[in-house]
Amino acid sequence: MSRYSPTNRQWVATVLRSAAVVPGVTLVMPNVEPLRQGDPPVVGMYRLIGRLGQGGQGVVYLGQARDGRPVAVKVLRTGDERLVKEIDAARRVQPFCIAQVLDASLDGVPYIVTEYVQGPSLQEAGRHQGADLQRLAVGTATALAAIHQAGIVHRDFKPGNVLLGADGPRVIDFGIARAMDQARTVTSSIVGTPAYMAPEQLAGELVGPAADVFAWASVITFAATGSPPFGEDSLPAVINRILHNEPQLADLPQPLRGIALRCLAKNPADRPTMQDVMLRLLGGQAAVPGEPGPVPAARRRRPAPGRRTAVATAGAVAIAAIATTAALALFSGDPSPSPALSALAQPATTKPTAKKPATTKPSAKKPATRRPTEKPTAQRSTDRPATQRTTSRPTVRSTPKPAARPDIRILSVEAMGNKHPPSDCLYGATLMKAMVEGPPGIDFTYSWILDGKVVATSQWGTRESATQLPQYGPITELGTHRVVLKINSPVSIQRSVTFENCDDD
Numbered sequence: 001m002s003r004y005s006p007t008n009r010q011w012v013a014t015v016l017r018s019a020a021v022v023p024g025v026t027l028v029m030p031n032v033e034p035l036r037q038g039d040p041p042v043v044g045m046y047r048l049i050g051r052l053g054q055g056g057q058g059v060v061y062l063g064q065a066r067d068g069r070p071v072a073v074k075v076l077r078t079g080d081e082r083l084v085k086e087i088d089a090a091r092r093v094q095p096f097c098i099a100q101v102l103d104a105s106l107d108g109v110p111y112i113v114t115e116y117v118q119g120p121s122l123q124e125a126g127r128h129q130g131a132d133l134q135r136l137a138v139g140t141a142t143a144l145a146a147i148h149q150a151g152i153v154h155r156d157f158k159p160g161n162v163l164l165g166a167d168g169p170r171v172i173d174f175g176i177a178r179a180m181d182q183a184r185t186v187t188s189s190i191v192g193t194p195a196y197m198a199p200e201q202l203a204g205e206l207v208g209p210a211a212d213v214f215a216w217a218s219v220i221t222f223a224a225t226g227s228p229p230f231g232e233d234s235l236p237a238v239i240n241r242i243l244h245n246e247p248q249l250a251d252l253p254q255p256l257r258g259i260a261l262r263c264l265a266k267n268p269a270d271r272p273t274m275q276d277v278m279l280r281l282l283g284g285q286a287a288v289p290g291e292p293g294p295v296p297a298a299r300r301r302r303p304a305p306g307r308r309t310a311v312a313t314a315g316a317v318a319i320a321a322i323a324t325t326a327a328l329a330l331f332s333g334d335p336s337p338s339p340a341l342s343a344l345a346q347p348a349t350t351k352p353t354a355k356k357p358a359t360t361k362p363s364a365k366k367p368a369t370r371r372p373t374e375k376p377t378a379q380r381s382t383d384r385p386a387t388q389r390t391t392s393r394p395t396v397r398s399t400p401k402p403a404a405r406p407d408i409r410i411l412s413v414e415a416m417g418n419k420h421p422p423s424d425c426l427y428g429a430t431l432m433k434a435m436v437e438g439p440p441g442i443d444f445t446y447s448w449i450l451d452g453k454v455v456a457t458s459q460w461g462t463r464e465s466a467t468q469l470p471q472y473g474p475i476t477e478l479g480t481h482r483v484v485l486k487i488n489s490p491v492s493i494q495r496s497v498t499f500e501n502c503d504d505d
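Read in the UniProt record's numbering, the sequence shown has 235 at position 235, and its numbers run on one by one without any break.
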């Protein structure tokens, strides 16, 4: 069949929400080239007008839909299986500040149709300042936060992958960079543009959302100063600076400089999440070196520098329209104080009150008898209204326990897919879903283990009593699989599920 059918693995039917364009191609009308000999005049229901660019796996054309609107049509040379998996995962991304995929087919001549974004790339646009820079920072942070919430890592966030459309910046080319551009690799297993790559990415280690956080700060530094924070001269020099030197942020204005400094930490565990960055850009707490401040009792308590100050809100008015919808979708509620910190801040009162009638010494109940003045005065100086019998027990029970071992539990681990009647096997792309319960504000690391092999490790935090982790998948291999969700820290617990993937025939 020339077009996808509604039953074809469901990933096409959902109309993927991702930026699926050839890496490095900027969709700008003046750059359209005429069609060449051998180019198809029509692909699917789209008439091709000209060429926008060409990459390692296909050609991007400027096309026209039946309603007359311009679209970007990427015709692939082959329907690569890895690309199918990446696109299948990309459909979960919320459509904030990204070029959305409108249509796709991998039958016959494979192609993907995206929004046409008329505007230059950030690489071409030059420096930004003031409200324009703040708007760019919020728009790109919002897009990456949505990508991460869908369980996807961009892996090649750079100025060339940010298009400046009339309605704001659009992040493109996420989640499929690995399959699209071999020229950007340092080795066969390392993907990215070196000047914007995190240390762990250069080392060939497991790359998670923290690598995108590092790249985001590098891109914003480029937008403000015209150069990435570690330079862009020779490849060995850039890599050496990223691994060993401090970033050059002197020309980056505050509060962005403080936020970027945290994002460029060598250790990925010391970087904030993109959701945290987004909150700080919208007026939350931002790390600014040299200015001490309290560690906020927020939803994410990562081991990071404890010097903070309030983010200036001068540019917030200009960017509020971009971020409001995204914030409502990405955050289910306002950050709330940690119960453990609340327990430390407020002395317990219920236990001493309950113990008072059971005491043998009548000092609290008969102030007119033995030692009427010294006893109450001495006891109240410790902020404990009860007698000496109650001073040690509330101290032992009230504060250390929550901080020592947070009460985090795995509520459920599910395999989601289409059931094949009459059996219970799943066909198509199977996604893993998990719910975790714990006090708000607890950070934890977790791993997905597929058939005994660790396939993903990431970091998340509890935002409410029950928190859904980013979905893992898709799992397309046929056969029986056992998937384990393991929380590694601050507690060590795990839960598993077994399911069977079968053919849809």
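Since the hints were derived computationally from the structure, they do not count as laboratory data.
Possibly wrong hints are sitting among the right ones.
Listed below are the simulated DSBU-like cross-link pairs for lysine-lysine, each with C-alpha atoms no more than 30 Å apart in a straight line [what the hints assert, rightly or not]:
id, residue 1, residue 2
1, Lys486, Lys433
2, Lys419, Lys453
3, Lys266, Lys453
4, Lys419, Lys486
5, Lys433, Lys419
6, Lys453, Lys433
7, Lys266, Lys419
8, Lys453, Lys486
Pair by pair, the computed Cβ-Cβ distance ranges are [said to hold, decoys possible]:
id, residue 1, residue 2, range
9, Asp424, Leu235, 29 to 35 Å
10, Gln494, Gly204, 25 to 31 Å
11, Asp167, Val109, 28 to 34 Å
12, Asp233, Leu411, 48 to 54 Å
These figures come from a predicted structure and were not determined experimentally.
Backbone N, C-alpha and C fix where the C-beta goes; we use that ideal spot for every residue, glycine too.
Here is what the structure says about each hint:
| no. | hint | result |
| --- | --- | --- |
| 1 | Lys486 x Lys433 | 13 Å, holds |
| 2 | Lys419 x Lys453 | 25 Å, holds |
| 3 | Lys266 x Lys453 | 27 Å, holds |
| 4 | Lys419 x Lys486 | 26 Å, holds |
| 5 | Lys433 x Lys419 | 16 Å, holds |
| 6 | Lys453 x Lys433 | 18 Å, holds |
| 7 | Lys266 x Lys419 | 45 Å, violated |
| 8 | Lys453 x Lys486 | 12 Å, holds |
| 9 | Asp424 x Leu235: 29 to 35 Å | 52 Å, violated |
| 10 | Gln494 x Gly204: 25 to 31 Å | 27 Å, holds |
| 11 | Asp167 x Val109: 28 to 34 Å | 31 Å, holds |
| 12 | Asp233 x Leu411: 48 to 54 Å | 51 Å, holds |
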